[in-house]
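To convert, note that position 295 of the sequence shown is 295 in the working numbering; the numbers rise steadily by one, no gaps.
No lab work stands behind these hints: they were computed from the structure. Among these hints, one or two may not hold up.
DEER-style ranges, computed between Cβ atoms [unchecked claim]:
| no. | residue 1 | residue 2 | range |
| --- | --- | --- | --- |
| 1 | Leu282 | Leu125 | 14 to 24 Å |
| 2 | His249 | Thr126 | 23 to 33 Å |
| 3 | Leu146 | Asp457 | 40 to 50 Å |
Glycine included, each C-beta is placed from N, C-alpha and C at the ideal position.
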Amino acid sequence: MPLHSKPIEFRGRIVMVGFGSIGRGVLPLILRHIGVTPDRMVIVTAEEEGRREAQLQGIRFILQPLTRENYAAVLGPLIGEGDFLLNLSVDVSSLALIKLCHEKGALYLDTCNEPWPGRYTDVTLTPSMRSNYTLREEALELRERLGAGPTAVMTHGANPGLVSHFVKQALLNLAQDQEVEVVRPANRAEWGALAERLGVKAIHIAERDTQVSPIPKRVGEFVNTWSVDGFIGEGCQPAELGWGSHERHFPADGFRHEFGSGAAIYLGRPGASTRMRSWTPLEGPYHGFLITHGESISIADYLSQKDGDALRYRPTVHYTYHPCDAAVLSVHELAGKNWKEQSEKRIIVDEITSGIDELGVLLMGHERGAYWYGSQLSIGEARSLAPYNNATGLQVTAAVLGGVVWAIENPARGMVEPEEMDYQRVLEVAEPYLGNVVGVYSDWTPLLDRGQLFAEDLDTEDPWQFKNFRVV
1 MPLHSKPIEF
11 RGRIVMVGFG
21 SIGRGVLPLI
31 LRHIGVTPDR
41 MVIVTAEEEG
51 RREAQLQGIR
61 FILQPLTREN
71 YAAVLGPLIG
81 EGDFLLNLSV
91 DVSSLALIKL
101 CHEKGALYLD
111 TCNEPWPGRY
121 TDVTLTPSMR
131 SNYTLREEAL
141 ELRERLGAGP
151 TAVMTHGANP
161 GLVSHFVKQA
171 LLNLAQDQEV
181 EVVRPANRAE
191 WGALAERLGV
201 KAIHIAERDT
211 QVSPIPKRVG
221 EFVNTWSVDG
231 FIGEGCQPAE
241 LGWGSHERHF
251 PADGFRHEFG
261 SGAAIYLGRP
271 GASTRMRSWT
281 PLEGPYHGFL
291 ITHGESISIA
301 DYLSQKDGDA
311 LRYRPTVHYT
321 YHPCDAAVLS
331 VHELAGKNWK
341 EQSEKRIIVD
351 EITSGIDELG
361 VLLMGHERGA
371 YWYGSQLSIG
381 EARSLAPYNN
391 ATGLQVTAAV
401 LGGVVWAIEN
411 PARGMVEPEE
421 MDYQRVLEVA
431 EPYLGNVVGV
441 YSDWTPLLDR
451 GQLFAEDLDT
461 EDPWQFKNFR
471 VV
């Protein structure tokens, strides 16, 4: 979708739930590319922040936190058949809103499968029940119950979301570069067969954020380039990963779930206290946090190949996130207080002076070693492309726009995950906002320069084992 192409025709209303950094960032993209006028838009949010931006556009702004008790009464009169509910909130149940949209005949998209408040840190629940694996299984169960209906796009931001489309494009690039003849896959079985044929053992969602603010992080403050509440919530969940068929060293602190697809495992520790080795083209080797994300599970499940009930192939998949340096300090302080949130929170956007967000997928274990494919977006370019965005935010809002366009064009698909969408169409819409979209090969492995200062427990026969990536 060129930046100045004709807007997508849409005759319904758009109701946006939540108007934080991502909501404010996606608003100008919606007004630019979706055929909706401000009088057919409503914002429902729990925070006063953002009222000015809404008023400048002439959009109705409702300050009303949504709860289990009131969400249907608040949102019910605002949506009907053919409308679109765009959920960019935290602490509002995604599944509750999906059911409401199904009943009303409205389209839906969110960037995260969000529960009602408290579930991520509810000590009365097992870690398994606090995991994204369980949240996904509950969503798949709801999909089975609801059946056909209006399109509800689940977990479609930058990641989860955009990165699933990056994986498909990266697989095709690998096939072409390895001179593997392949017809573009048309379903999950064919995509999984391609990944298996190429020998992909591990996939990292590899992200390095170097954006900086001239205002130092203060003691008792959490600083980030996107939702602080969202980052803390997922950082306090168990570390989760799709567990590959090539793995031969099950983690000592690892656990399997007793239900569902079995595509993922979790560790008995928070993701924000679990570090992994990974690589991006501009940063090179780095240590990142193994933060739980839905794509770690859905990509692994989507690419799984079975002989009957027996698993034959699955890559190990997880997120390896190095946030901006101020956020790393914030996580260090958060962990030191035993995961008690700081009293102050700051999202940096306008004050950023330099930096990029390098977000992509790192496919490893094939004959070329490692291949990274993704977005390299600077703060300067982000500001030139859209207001109210930093580099991190624009990667998310571009993906939201792509998902909204796809849902409008495919309005009766029921509940769908990113892997089930047309990756080409979503990338076509999002790419003009992603800066440099590149594919880069590397000879890096997690064994590089290891064991020189101190002896380490490594599997030198297979560099792509999970134990070799983990920082202990």
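### Task
Would you list, in rising numerical order, the hints stated earlier that this structure does not obey?
Failing hint: just 1.
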